[in-house]
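**Student:** Same order as they appear, the protein sequences are chains A and B.
Note that this note's numbering has the first sequence beginning at 224, numbered continuously upward.
Note that this note's numbering has the second sequence beginning at 749, numbered continuously upward.
Keep in mind that the hints are not guaranteed to be accurate.
[As the list claims (entries may be wrong)] Taking lysine to any residue and the SDA-like style, the derived pairs with C-alpha atoms no more than 25 Å apart in a straight line are: (1) A:K278 <-> A:L229; (2) A:K278 <-> B:R1023; (3) A:K450 <-> A:S421; (4) B:K1024 <-> A:K450; (5) A:K334 <-> B:R857; (6) A:K278 <-> B:G1026; (7) A:K415 <-> A:R446; (8) B:K1024 <-> A:T288; (9) A:K334 <-> B:V867; (10) A:K233 <-> B:R857; (11) B:K1024 <-> B:I873; (12) B:K1024 <-> A:K233; (13) A:K334 <-> B:E852; (14) B:K883 <-> A:Y294.
I should point out that these hints are in silico values taken from the structure, not numbers from a laboratory.
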Amino acid sequence: MDGISLEVSKGEVLSIVGPNGAGKSTLLQMLLGLLTPDEGTVRIFGVDIVRHRRKIAHLVNYASTDLSLPYSLSVRENLEVFALVYNLAAPAQAVQDMLVRFSLQSLAQTKVGRLSTGQIARLSLAKALISRPEILFLDEPTATLDPEASAEVRSVLREQVESDRLALVYTSHNMREVERLSDRILLIESGKTVACGSGEELFRQFDCDNLEEVFLRSMARVRESRKMEESVRE
Amino acid sequence: MSDAPPERVGEENRLRRPSVSLFAWRPMAGILLRQFFLYRRSVPRWMEIFYWPLLDLLVWGFLTLYLRQGILPGTGAAQALLGGLLLWDMLYRSQQGISVVFLEEIWSRNLYNLMVAPVTPYHIIAGAMVTGLLKITLSSGTAILLAYLLFSYSLFNIGIALVPFVFCLVVMGWALGIMTTALILRFGQEAEVLAWGVIFLFQPVSAVFNPVSVLPQGFRQVAFFVPASHVFEGMRQVLAGQGFSWEHFFLAVLEDGIYVAGGLALFSWVLSRARKVGFSLKLGS
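With the rest of the complex left out, here is chain B:
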């Protein structure tokens, strides 16, 4: 046996290894590296970087073109701006109503419990549609009331003609919600950004704040195939005192039908593919 006192390893190590300085660069580099790895493999995240500035530029750029034409001073045009905003919000809420219901189940790791139950994905979609309608009623109702109280603007001035157009917008939102949900189920939580952002892809070609005629030729052609553009054009016609536009209404209904059919087809394809390759239990990123 040695007479030497036992070595106090812990204490010596503490002395040899100084604590991490506030100015140490490596911890910050670690965080940076984590984000680098995340973005390196994620197309949706890269898209997001360029997505918002580009869309904002297009929406506000087209509005600027419209304003340059000097049309704004007319009461109808001014009403159309606020009316457009309120109706756009309905479209946004309608799309989100579907996507968020699925996301809530993914976040709480509950989707699989539902998939094994006698409830079909179409039951979930139907439940989400009703939930979405209730949410739209509450949120848009509040916004419409505030617009009246704060800006003396009543959306109901547009009249009963607005109701069928609102219905077309809600259905378009449902169709996009179903498509977004299908993509989330296909690509996992990484595609979650779609739930919040996909609708804005349609904003520049929906003619929300400006007529389709302001858009460049290529955008005009795309806008023709977007139901929302017919809704907003229809709304502007009503405000301009030109009456209810059956043409825009029928085109909106027809295109809504195509969008819904496309959404359901995509959703069914994703489900049948998942049955071949397996569902992710956690659907995590």
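Chain A with its partners taken away, still in its complex shape:
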């Protein structure tokens, strides 16, 4: 990461977009306090997350397609474990709420090992929202989902952002999804900010009318400027 600076407000959706290896997941790890930046700070509600992660860990949650949940536990058992891990006062009610919100009631007794990829993604989101976080970090939450399941997840996330004023930070390679869901988009490459702004602002900046084109043009610009730097050096 090099010189990245960003702020996220309550009720805002910030998407982090970039090519593979751009540093999106690394950035999320820093925001979660699992990776210490060489320089600079990450503050959540004004608290330095690296030094005082325990003070705000209960306000933050995370889900990623790279993670799973214990296969030999049922959907309900997994949620019960995380309700306790997050020290919730009414764990049974929280579990029930998540089962209903993510339409998982009929699968409550099913072991995770027998769920489809889409169902696991829904359960991961239920786990991520069971603690009613103030900030939710999602790493490519819909990467393994079919279009219908993706739309369902988007609608749940949008609802959560609007009803609970949740701040959502997420990474995705699905440009149409990012366009639809985000209030602000951060484009990064090799750990550096390429552009940041609302969809409309980025369209104007790159003189196009969709995010996929913004992505392609911005990466082309990065490559051009890199070539120029190399030729100057030579």
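Given the coordinates of chain A, assemble chain B onto it according to the supplied hints.
**Tutor:** Here is chain B on its own, set in the frame of chain A:
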């Protein structure tokens, strides 16, 4: 347009390319090559090849030395063998109790979910210790009961003196479990073999089946710094009717304290290093 019939490429290819014979050597060589690549880069796997034969040789070799002294016919010595086995199992289960809890989370790709939650690694260790205690109670309880039913051997004959020594063994197992877990978090699943094997590194110098006096000089010096050796020596003293050995007990407690402190220091170092270089999401091999 040509009048020639369309070429049936697929069929021709099938005829040109015979199926793989059962006696073809290349598929087997592919499997061999895969293992070669695996071992070429893995020190733990190479260690495993030499580890078990060497440790078995040492343990049974020292026992043979002990038996050659003709001490076995005494009831106390015979009891010590079975008692040693039952107590060794407690140490093994205690160490595994910690390591396997972490491994279960790694296998199910769930460790990262816990790392981002308000639960600290020390909560996980505490949970693992309690889980381990319950497992030891069940597994050792069953083994002790079977020893009584099948061999008319009661571990409780040793008496109440055994309880503090058992506690020392369990704590040593926890310390080794914490160290093993730290190494697994540091080196990934490749170091998983440590979870199953590291405890046996201590077996030849723990004097499980034979007294420390049987060991060669160098091994005796090492054994002094292993809490388990004091436990097993203490157990033998009780069986020989020499009463509870406060000296062995205090040494075991002192060394346990050092082992636990060392384990926690190693664990903290691994975590702080991981915060600088990053956790592996999958912690795969």
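**Student:** The structure should be examined with respect to each hint, and the outcome stated for every one.
**Tutor:** Results for each hint:
no.: 1; hint: A:K278 <-> A:L229; in the structure: holds, 21 Å
no.: 2; hint: A:K278 <-> B:R1023; in the structure: holds, 17 Å
no.: 3; hint: A:K450 <-> A:S421; in the structure: violated, 28 Å
no.: 4; hint: B:K1024 <-> A:K450; in the structure: violated, 31 Å
no.: 5; hint: A:K334 <-> B:R857; in the structure: holds, 15 Å
no.: 6; hint: A:K278 <-> B:G1026; in the structure: holds, 21 Å
no.: 7; hint: A:K415 <-> A:R446; in the structure: holds, 13 Å
no.: 8; hint: B:K1024 <-> A:T288; in the structure: holds, 23 Å
no.: 9; hint: A:K334 <-> B:V867; in the structure: holds, 24 Å
no.: 10; hint: A:K233 <-> B:R857; in the structure: violated, 30 Å
no.: 11; hint: B:K1024 <-> B:I873; in the structure: holds, 22 Å
no.: 12; hint: B:K1024 <-> A:K233; in the structure: violated, 29 Å
no.: 13; hint: A:K334 <-> B:E852; in the structure: holds, 16 Å
no.: 14; hint: B:K883 <-> A:Y294; in the structure: holds, 21 Å
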